[in-house]
Structures are given as structure tokens and as C-alpha cells.
Amino acid sequence: MDRKTRAAHNDVPEPPNPRALLRRHGLRCTAGRLRILSLLSESGQHLTATEIHTRLERTGEGRHSTTVYRSLEALTALDVVHAVPGPGPTRYGITDEPHHHTVCQQCGHVADLASAPLVDAVSRIEELTGLRPGVSGSLLVYGLCSGCAV
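Mapping the sequence shown onto this note's numbering, position 68 (from 1) lands on 107, and the numbers just tick up by one.
Wrong hints could be hidden among the right ones.
To be verified - Label pairs and their in silico Cβ distance ranges: (1) Pro124 x Ile164: 36 to 42 Å; (2) Arg163 x Glu100: 43 to 49 Å; (3) His103 x Ser77: 16 to 22 Å; (4) Val189 x Gly65: 26 to 32 Å; (5) Val180 x Ser77: 26 to 32 Å.
Note that these hints are calculated values from the structure, not bench results.
We put the CB at the ideal spot given by N, CA and C, even for glycine.
Turn these sequences into a full structure, and let the hints steer you where they fit.
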């Protein structure tokens with residue numbers, strides 16, 4: 040189920056407007072940043088830097104791959120975008136409502152996992168380990184997706 044379908048079912052809210060998101064973080068609304076955020080928002084998926092670069096080129100809005108990487112690095116540092124490591128290249132998604140992720144260890148597919156059902160588990164992390172999860176902290180659950188588990 041993609042982000043828009045989940046939003047319609049009240050699991051995950053619609054992502055914020057890219058321009059408003061940049062302004063909220065005090066960033067200039069450059070064409071490159073806006074396009075990258077729009078692409079991530081519209082796709083409803085976590086994309087690699089290469090996938091972002093390729094999609095931008097396909098739409099005639101190509102940016103040099105170095106510009107894409109630098110933009111993602113800056114947006115990640117300010118918590119506008121989050122990076123999800125996994126097998127293969129890092130994938131990026133828009134940081135909106137706190138949520139967790141599932142990551143397929145075989146194909147690298149990343150999916151959002153609503154945080155509400157895991158509130159108790161996350162709150163016990165400090166009790167069990169002494170680590171206090173941050174507000175934007177995310178659990179990464181690794182395993183095999185339904186397509187790879189066959």
C-alpha cells in the first residue's frame with residue numbers, strides 16, 4: 040500500500056508541501072531541493088540517489104548527480120529527509136510524521152511502518168538498554184519482504 044492509500048486510511052498523513060517543509064526548516068527554496076522533495080513526496084517510496092537522479096533526467100529536470108547527492112546530504116542533516124541504510128545503496132524518504140521502517144535484506148525494499156502500534160516497544164528501549172530514543176528516532180526492522188520470502 041503506497042503512502043497516499045495509507046493516508047486515506049488514516050495510517051499515515053499526507054506529506055507536507057515541499058515549499059512549506061523547506062521554509063519550516065529555514066532553507067532556501069531552490070529548484071533542485073523543491074524537485075527532489077516533490078519527487079520523494081509524489082513517489083510515496085524511499086528512493087536511492089541514483090533513482091532520484093534518473094527520474095529527474097527522465098522528466099527533463101536533470102541535475103548533476105553531485106548536486107543530487109549534496110542536496111540529499113543537506114536535507115538529511117537538517118532532518119527534512121531521512122536516510123534508510125540497507126543492503127545496497129541508501130534510500131531516502133521525506134521526514135514527516137515519526138515512523139519506522141521495514142527493510143528487505145534481499146532486494147532492499149523499504150516500507151514505512153506506522154509508529155503508533157510500537158509506542159510501548161520504543162518506550163521500553165530506554166528501560167532495557169539505557170538508550171533514550173530521539174524524537175525522530177526510527178526502528179529499522181530487517182527481514183524478507185513478501186516478494187523475496189517465497
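For this session: Just pull the numbers of the violated hints for me, sorted ascending.
Result: 1 and 4
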